[in-house]
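One-letter residues, chain by chain:
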Amino acid sequence: MTRTLLEMRGIGKTFPGVRALDRVNLTVEEGEIHAICGENGAGKSTLMKVLSGVYPHGSYEGEIHYDGAVLENRSIRDSEHKGIIIIHQELALVPLLSIAENLFLGNEVAQGGVINWPKAFKQTEQLLKKVGLSEVPTTQVGKLGVGKQQLIEIAKALAKDVRLLILDEPTAALQENDSQKLLDLMLELKAQGVTQIIISHKLNEISRVADRITVIRDGSTVSTMDKHEITEDRIIRDMVGRDMAHRYPDRVSNPGEVLLEVSGWNVWHPEQVGRQVIKDAGFTVRKGEIVGIAGLMGSGRTELAMSLFGRSYGRDITGTALMNGKPADTSSVTRAVDAGLAYVTEDRKVLGLILEEPIVRNTTLANLPGVSNGGVLDKRRETEVAERYRKAMAIRTPSVQQKVVNLSGGNQQKVVLAKWLFTEPEVLILDEPTRGIDVGAKFEIYTIMNDLAAQGRGIVMISSEMPELLGMCDRIYVMNEGRILGELSKEEASQERIMALIIRDNGQKKDNEGEAA
Amino acid sequence: MAEQKGLGAHLGSHLRENGMLVALVAIVALFSILLQVQPQPVNFLQPQNITNIFLQNGHVIILALGMLLVIVAGHIDLSVGSVAAFTGAVAAWLTVKVGLPFYIVIPLTLVVGGIIGAVQGYWVAFWRIPSFIVTLAGMMVFRGATMWLLGGQNIGPFPKGFQALSNGFIPDLTGIGRPHGLTLIVIAIAIGLQFWLGFRARARDAEFGIEPEPTGLFWGRNLIIAGATAFVGWQLAQFRGLPNVMVVLAVLTAIYAFFTENTVTGRRIYALGGNEKAAKLSGIRTDRLVFLCFVNMGVLAALAGMIVTARLNSATPKAGVGFELDAIASVFIGGASMTGGSGKIVGVVIGALIMGVMNMGMSILGIGIDYQQVIKGLVLLVAVIFDVYNKNK
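One line per chain: the protein sequences are A and B, in this order.
Here the first sequence is numbered in UniProt numbering, starting from 1 and rising by one per residue.
Here the second sequence is numbered in UniProt numbering, starting from 1 and rising by one per residue.
By construction, these hints were calculated from the structure, which means they are not laboratory data.
Take the hints with a grain of salt, since some may be wrong.
[Claimed, not checked] With a straight-line cut-off of 25 Å between C-alpha atoms, the simulated DMTMM-like cross-links for lysine to aspartate or glutamate are:
1) A:K391 / B:D205
2) A:K119 / A:E135
3) B:K280 / A:E135
4) A:K403 / B:D205
5) A:K82 / A:E30
6) A:K379 / B:E276
7) B:K280 / A:E432
8) B:K280 / A:E169
9) B:K344 / A:D378
10) A:K287 / A:E271
11) A:K227 / A:E169
12) A:K160 / A:E32
13) B:K277 / A:E30
Quick caveat: nothing in here was measured; it's all calculated off a predicted structure.
Looking at chain A on its own, in the form it has when it is part of the complex (with noise of 0.2 Å):
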């Protein structure tokens, strides 16, 4: 009974000195979700850039039917006319106005340029509902959170008439409860026709909802599999074009003495008056060992970390830190620096680099005093660290003169690891360090990180991914609403645990609230 809605045929596309794409096929059935899988730079987005006009028709090569007919996209535009939707992993959302004014952006619901403010709030209020939000039609969009963005993203594509939605890592910000709002959204708007493909890394969340896989690697097409095919060691195998029988390096746990010590730590949100972010949290780290914090986001798993860090997060902080057994100083990121921690950020494009300047001037920043006498820069010295830290992480550059902004997420990553490093830390808290990065890298951010601890280092791990968690860490802190609801060992942790802990603490928060009223 189905019927082919997008068929691409021989799709290529050459940018300078690069062969994006070469002989990608793709066919996709109408009512659908069809996934799309592949490592970082294996051409995903290119091939859907292609498909939605980004780049226009004569520029790739290859055909493309949708509906029956051959199509011939000269624009974005064009292909927002033929139902066709993109959502980019970045959201497209403007933070200052309101939803109704996001959702009919360049749709405006006018006459002759005057809005139609009535009938429009009306129509956002039924695409809310559609995507379940309950939201006011006049909420400013920056101030809902980002797994609701998401939704308003969806929302806006549905205003537009989608038959054909595409979602790029639509999951890739968001938290395990949001992402599965999201999931199952995708699956009703399947039942109501919609014809989706999802872009995700995330290879749980594809066996869950995608009806079929179409596997990328390298700029080709590895192969397509139904559902029942789906396992998840056949997808990794395909991405990589190689077994991974083991997803995280082997690593012999030797635990020593108690390195950071923290306990009674208390943070007020820095704007907020009277909301306190992180209350009465406490953990240790020992040497050799690494310990990972779990907890939905919005947990203060983050807060926790930047405050402890130079104070960067939050106002009215205290509490007491530990180094070595003695009381060490984290009131300035560079006290804290001297005292032996490093905080590897969530966030590495934002908070973690600077992506103008090259791969060398990265590495040094946070420890120039290394590299210079008297003030005075060594550059000879600076470029041997450089090269130093290129060669013990596998950073794959031609040269360490190479801007950052040039490099793979995963590579980048190494460089914010490099950097720390090279302040000679002994407590390292790694901040979500494989997010948005490959399976290839992952395994080598892994085997860093394991090296590290095998140094004798510290390693603090927050994540919101589980299954890395649960595979890296001695011992696993849950954190929920600010607080550190208990410690598990490798041996007690498994997701549902941790997941019971978080839902358990927050029923009884309910229920206290509701004894309260």
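Chain A is fixed; fit chain B onto it per the hints.
Then chain B, alone, in the frame of chain A:
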């Protein structure tokens, strides 16, 4: 070791730096020709003109040095023209009304400039008031303060010592007279230094695996610069020797070039402009650096103010109008990024010289001030369009 790419590829990636130099040479050549072919031919590159280019534009270069740091840090300073006028007035008042000698007036005025920069920098750095606003206010405040201090009148003339700051020339210690011996010696040393630094940088590039400049280009560029330096030096020696202002400029340029490229603090300013949040999380005290950039700007504005006052031999309420725009234009013509984080001292100096040469050339040609403004504006626009186009390519 990086492989050697072709000349074309290298020029492409270093278009900006070499392009600036080529543009300067081309503009000088253009004016030389235009002035030769007119009914009454004028030698554009006569000693007096060369001396005047530096005397008349010294303040712009000095202001642009400080402005580069401010712009690299991601800010702007609109007040420098007014601050230069005010500090010039302060210097004049101290010299003429109070009667202090120049060796006390000069440091004292520099301190005043530093304090003004500190006050403005305080609001920008620690209170996070946009620098555009703070310095726009400063522009008005110090213009008013200048008028108040001068009581609406000019103060002058000055004793010789103070005037020497801008009108003086280095003494000829060799006693040759004409050509000016010491000038020739200094120029010779400068050329030697240029080649020594060039070869050292080249050796270092090779060692660091930075793609080396094609040999032909290296020699071509250095010979052009050396030739130009020798020519300028010889011409100056025929006239009255090196002006004091030029010595000040050369020393300041060298200091700031070294500071921006080879010191920890300089590097941190670029990091701050490139990504303030990342710099902060790397333990860099970004607010203090912004503050220091403004203090530095204030001191340089005071120096520029004194040089201008000394040149005019009087402090006037209208001095320094539009200086800030000349300085900012020089920085952007010199290739700095509007969003901060990049820009080179050498580029800025060439940028200021391009403006200066154009000012003088057009004036000698008798082009009206109206057309001059239009042409200067278009040059700025073209330079920046060129930059943006190159970046997007």
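Each hint, compared with the structure:
| no. | hint | in the structure |
| --- | --- | --- |
| 1 | A:K391 / B:D205 | holds (20 Å) |
| 2 | A:K119 / A:E135 | holds (17 Å) |
| 3 | B:K280 / A:E135 | violated (36 Å) |
| 4 | A:K403 / B:D205 | holds (16 Å) |
| 5 | A:K82 / A:E30 | holds (14 Å) |
| 6 | A:K379 / B:E276 | holds (23 Å) |
| 7 | B:K280 / A:E432 | holds (20 Å) |
| 8 | B:K280 / A:E169 | violated (30 Å) |
| 9 | B:K344 / A:D378 | holds (19 Å) |
| 10 | A:K287 / A:E271 | violated (36 Å) |
| 11 | A:K227 / A:E169 | holds (20 Å) |
| 12 | A:K160 / A:E32 | holds (19 Å) |
| 13 | B:K277 / A:E30 | violated (46 Å) |
The structure fails to meet hints 3, 8, 10 and 13 from the earlier list, while all remaining hints are met.
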